[in-house]
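A.B. asks: Each chain, letter by letter, is given below.
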Amino acid sequence: MDKILEIKNLKASVTETEEKILNGLNLSIGKGETHAIMGPNGGGKSTLVNVIAGKDSYSVDSGEIEFFSEDLIEMEVDERAKKGIFMAFQYPSEIPGVRPWQFIKASVDSKRKFLGEKELSVREFSKIYDENIKIVGMNQDLMKRSLNEGFSGGEKKRNEVFQMLMLEPQLALLDETDSGLDVDALKSVGDVVNRMRNNERSFLIVTHYQRLLDHIKPDFVHVLIKGKIVESGGYELVKKIEENGYESFV
Amino acid sequence: MEYIKHYEKNFSDLLKTSDIDHAKQNSFDFFSKSGFPIKKKGDERWKYLDLRSLEKTFYSTDYDNDNLTINFDSIGLDKSNIISVNNGVPKYESLEGIEIIPNELYTPIFSFSEDEFLSLNTSLSSKHLLLKVNSKFNGKVLNIVYISDSEKEILECPRIFIEVEQNVELTVNEIFISSDAVNLKLPVIEIILNENSKVFHNLVFQSSFTENNFKFTRVDQKEDSFYKLTSFSNSSLLAANDIKVGLNGKNSECDLKGLYFTTLNSQFNTHVVVEHNVPYTKSNQYFKGILSDNSRAVFSGKIYVEKNAQKAYAEQKDLNLVMSKGAEIDTKPGLEIYADDVECYHGATAGHVDESTLYYMMTRGIDKKSATQMLVNGFATEIINEITDEKLRSFAQKQSDDILPSLSFDL
Ligand SMILES: Nc1ncnc2c1ncn2[C@@H]1O[C@H](COP(=O)(O)OP(=O)(O)O)[C@@H](O)[C@H]1O
Ligand SMILES: [Mg+2]
Chain A
1 MDKILEIKNL
11 KASVTETEEK
21 ILNGLNLSIG
31 KGETHAIMGP
41 NGGGKSTLVN
51 VIAGKDSYSV
61 DSGEIEFFSE
71 DLIEMEVDER
81 AKKGIFMAFQ
91 YPSEIPGVRP
101 WQFIKASVDS
111 KRKFLGEKEL
121 SVREFSKIYD
131 ENIKIVGMNQ
141 DLMKRSLNEG
151 FSGGEKKRNE
161 VFQMLMLEPQ
171 LALLDETDSG
181 LDVDALKSVG
191 DVVNRMRNNE
201 RSFLIVTHYQ
211 RLLDHIKPDF
221 VHVLIKGKIV
231 ESGGYELVKK
241 IEENGYESFV
Chain B
1 MEYIKHYEKN
11 FSDLLKTSDI
21 DHAKQNSFDF
31 FSKSGFPIKK
41 KGDERWKYLD
51 LRSLEKTFYS
61 TDYDNDNLTI
71 NFDSIGLDKS
81 NIISVNNGVP
91 KYESLEGIEI
101 IPNELYTPIF
111 SFSEDEFLSL
121 NTSLSSKHLL
131 LKVNSKFNGK
141 VLNIVYISDS
151 EKEILECPRI
161 FIEVEQNVEL
171 TVNEIFISSD
181 AVNLKLPVIE
191 IILNENSKVF
201 HNLVFQSSFT
211 ENNFKFTRVD
221 QKEDSFYKLT
231 SFSNSSLLAA
241 NDIKVGLNGK
251 NSECDLKGLY
261 FTTLNSQFNT
271 HVVVEHNVPY
281 TKSNQYFKGI
291 LSDNSRAVFS
301 GKIYVEKNAQ
311 KAYAEQKDLN
321 LVMSKGAEID
331 TKPGLEIYAD
341 DVECYHGATA
351 GHVDESTLYY
361 MMTRGIDKKS
371 ATQMLVNGFA
381 TEIINEITDE
391 KLRSFAQKQS
401 DDILPSLSFD
411 L
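These protein sequence lines are chains A and B, in that order. Number 220 in the working numbering belongs to position 220 of the first sequence; there are no gaps in the numbering. Number 212 in the working numbering belongs to position 212 of the second sequence; there are no gaps in the numbering.
Don't read these hints as lab results, they were simulated from the structure. Hints may contain errors.
To be verified - The list that follows gives simulated cross-link-like pairs (lysine-lysine, PhoX-like), each with its CA atoms no further than 20 angstroms apart:
#1 B:Lys368 - A:Lys105
#2 A:Lys118 - A:Lys134
#3 A:Lys83 - B:Lys368
#4 B:Lys250 - B:Lys228
Said to hold, decoys possible - Negatives, chain B to chain A, calculated, CB over 12 angstroms:
#5 Asp21
#6 Ile38
#7 Leu95
#8 Gly249
#9 Tyr313
#10 Asp341
#11 Met361
#12 Thr381
#13 Ile384
Remember, predicted model here, so these are calculated numbers, not experimental data. The C-beta atom is built at its ideal place from N, Cα and C for all residues, glycine as well.
Sequences and hints are given; from them, build the entire structure.
C.D. replies: In structure tokens:
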């Protein structure tokens, strides 16, 4: 099977403090696969997804990260995004004075331009925009405000999922998108992921809870503790974690 | 001081052509004693600015050209209801609903001793435009357009006084058109809002890297009046936006907002005083600055609450985005409160573009430069959207759109 993401023996630290977070992590994601990462707080899950997205407050000390066989480590954040990596943030930023429409239009335009696709007309864009708002169940009135300003935690998460739908990534990284969501919102996030799954697109879903995974039924589940993947398996691993906690893996 | 002698001569020439005016004489005496407020100790307003250039140029008070043409299309303004101020001389064609007040009935609403620039304006201003707006002008827009030419170094001392009658509502737009004139402008506008009147005042400074412009706004509010000022300033060599509002009637309210861009070596001073002089009054000051290159901005704001002015509500905020190592902001919020039953909030910030927000935007495929511009634009738009006149608002937005790509972000 074709690989989308290949991480080999990755060691990464916090740039400012040099604190080591990822200690030789291996992960391989094939086209069309959905992977889940579970693990205790502070284990390095957010660090991992941010290193893949390219956040420069983390440094890669050694190891490899390849995206479609291309080295990612030196690549700018926006270039990674234009090549198909998307990250749904655990804590999305608020952007005063920038409207959601303006923001996502700029994102989509930028990506299409990079890929040599023609720019969508305002009409074409609006049509997709409105459809996706309905699919995610975003409140229309919220979308008239500044991006994420005055959004509740759950609304911010829905907005992340909406942006994922708009940007149609090759690899979507979801960092605790299910935290702080009520049952309905959780179901709608699960539905969007399921509807977006296809042979070409892969997901890496970071979560604490079985709830979302019951809905999505990932192909692979990994346990990340102290900067390493200590166990990998299929969906059945979720049950094991739910019953025994993480202690059994240490 | 050499330059004071120069203005003394100008002043005595002026006296020859007019009646003896004690106010002017006192005012000039005040100026000649203190001179320009250069590096004045304890003067919070001017001490952070470099005003030394003002000593070196001997500005002339001889207005030899007051027939400049204005390209109204470039601003997008209607040609109607226009007062044009050419090289400092206000030109007025009669407007329905606006009467001229005779000179002898005029008393300024401020004291010349408040400020050296105001005292110079008071002593050398020869042509006042004194207006009274009545109900026939209700709901209309008065445009005041300032324009200068570059023939020689002129001292401009225009003075416009507007008294708004009870229950009348109007918009006042003031625009300083960019020019390569090398003038020193000391424009003063005074506005009296009588009972239950409303004024929406929009003020736009177009960029000029040759002029010095010290702009003064003085406002006197009676009962139930509402005054809103929104200013937009695109960097100038040396400029000031000096505002003082007296809330002198119960239930009067003012809302003062402003945005200043400073670039290259420009200097911009915002000075705001709101005086709550009677009970049940409300004020808001909200200013933002975007500083780049080696520019400098100063914000000094004051909320003053008189002893008997209970139930006053006052807010003041000044937020700054500092885009370059060489740029500098001095922001000084101030409270002077003598009443005990009041609600006041104030705060000031100076910071850089937020890195984690930039990262968030870049994960959506937006490159760093575009993301920065979008963030800065978002920061600016919040104030630009407060400009109540649609034409002026799009004029200001266009100015802002034009500056953004040229800003350098070197941190
Ligand atoms: N920017 C940072 N600065 C300092 N420490 C950090 C930073 N980011 C993460 N850490 C530390 O790295 C460890 C892993 O954090 P994180 O990746 O957020 O864990 P998780 O997402 O699994 O809860 C924690 O101990 C956290 O304190
Ligand atoms: Mg986390």
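A.B. asks: In ascending order, which of the hints set out earlier in this document are inconsistent with the structure?
C.D. replies: 2, 11, 12 and 13
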